[in-house]
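Engineer: Protein chains in written order, with the working numbering: chain G, 279 to 506; chain B, -6 to 98.
If you are wondering where the hints come from, they were derived from the structure by calculation, not from laboratory data.
For clarity, every value in this text was computed on a predicted model and none was experimentally measured.
Glycine included, every Cβ here is placed at the ideal spot set by N, Cα and C.
Wrong hints could be hidden among the right ones.
Stretches of chain G that chain B covers, calculated by requiring three or more beta carbons in the stretch to come under 8 Å of a beta carbon on chain B [stated by the list, open to error]: (1) 340 to 349; (2) 392 to 406; (3) 421 to 427; (4) 482 to 494.
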Amino acid sequence: MPTLSQYWFENGFFTGPFNVYNVSYPDGGWAWISGGSSAATLVRNRPDNEITVDVAARLSTPAILADIDGLLTGGASRTSGIMAQGVFWPNVPYYSQNPGGHNNSDMLVRAYFNFHINTPWYCSDADGNISYYIFLYLDGQSHLQGYVDGWSYNYGGGGPFCTGAINSALNSAVPSGMSPLQTFLDNDLALLSRSTFSTLYYLPGSGTKSPGDTSENADLDVAIAVLP
Amino acid sequence: METKILERVQHILREDGFIHISKTSSTHAVTISADKGAQRLVLHITDQTELPAKALQNAEIPTVADIQLTASMPGVSTDATGRVLQRAGLGGAVTKSAVSTKSQG
Chain G
279 MPTLSQYWFE NGFFTGPFNV YNVSYPDGGW AWISGGSSAA TLVRNRPDNE ITVDVAARLS
339 TPAILADIDG LLTGGASRTS GIMAQGVFWP NVPYYSQNPG GHNNSDMLVR AYFNFHINTP
399 WYCSDADGNI SYYIFLYLDG QSHLQGYVDG WSYNYGGGGP FCTGAINSAL NSAVPSGMSP
459 LQTFLDNDLA LLSRSTFSTL YYLPGSGTKS PGDTSENADL DVAIAVLP
Chain B
-6 METKILERVQ HILREDGFIH ISKTSSTHAV TISADKGAQR LVLHITDQTE LPAKALQNAE
54 IPTVADIQLT ASMPGVSTDA TGRVLQRAGL GGAVTKSAVS TKSQG
């Protein structure tokens, strides 16, 4: 049976904590959901044949975590698991470098994790996050394709004298993470190479279809959804 | 960036009995630290303010000429914080047959 999913975002559309309520209904029938207070809402009618991929869970493989940990050297360490978020193109931090790179209403997947960097005694330690942005699309043959569109980092701390050294290390390490991520993406998409799809969209959180109410956070996870 | 002065400073520090002299270099800065008993010294030279953030688009994005459909919510526009500007919006399921080919170089 199809599922009607309604999302109530506490802070803003596709942002922060949200509640989702799922209710299935018979073909040709109807469903209703009431209640909920929020800053924004989203409703999706989700057919039976919808296929979802929980991005944060999918990326949290031992191999990827090992690749990330291998990138971070010299007193740097990962302090979180991999998180994922759906972001509209204008909110990607390098948007201004190429505004026409995508449509403004396109969403990208931001895969990111937190890090900590130890510094010498004369600087404060640094804490921040490293992000990779993935762009997915259906090609002319209806296959799901994608690539790593870019990267970013930001952090607090490192003052008063260590931001230069931290930046030099990150400017070298972070871009080199795109290649293994692209390889992982290529391998995953290859598994779907025999399948064709008509629709592609993102759902906040894990993409759960579990009946009833679930609380998740759109800043921590996003699901890719496709329909044959 | 001219750093010869730092070599002279390191020499002076050694002559003056400072130990644990360490030098950290980055693209736009060099920092020397040393200590002598309870005294600790830091000398920092830089030619650029370093911001704790950076973002770049992948320089090797594949040339894609047959994008038929993206994960999109047509009509949605957001402000700098990601807040959606409209009060409401709607859309049917956007499918391949409903969109035109988009080229991207």
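Engineer: Would you mind marking each hint as holding or not holding in the structure?
Structural biologist: Comparing the hints with the structure gives:
1. Interface restraint, the stretch 340 to 349 of chain G with chain B: violated (0 residues with C-beta to C-beta distance below 8 Å; minimum three).
2. For the stretch 392 to 406 of chain G, the stated coverage by chain B holds: 5 residues have a C-beta nearer than 8 Å to a C-beta of that chain, and at least 3 were required.
3. Three residues within the 8 Å Cβ limit are the bar, and the stretch 421 to 427 of chain G against chain B gives 4, so the coverage statement holds.
4. Counting residues of the stretch 482 to 494 of chain G whose C-beta lies closer than 8 Å to any C-beta of chain B gives 0; at least three are required, and the coverage claim is violated.
Of the numbered hints listed earlier, those contradicted by the structure are 1, 4.
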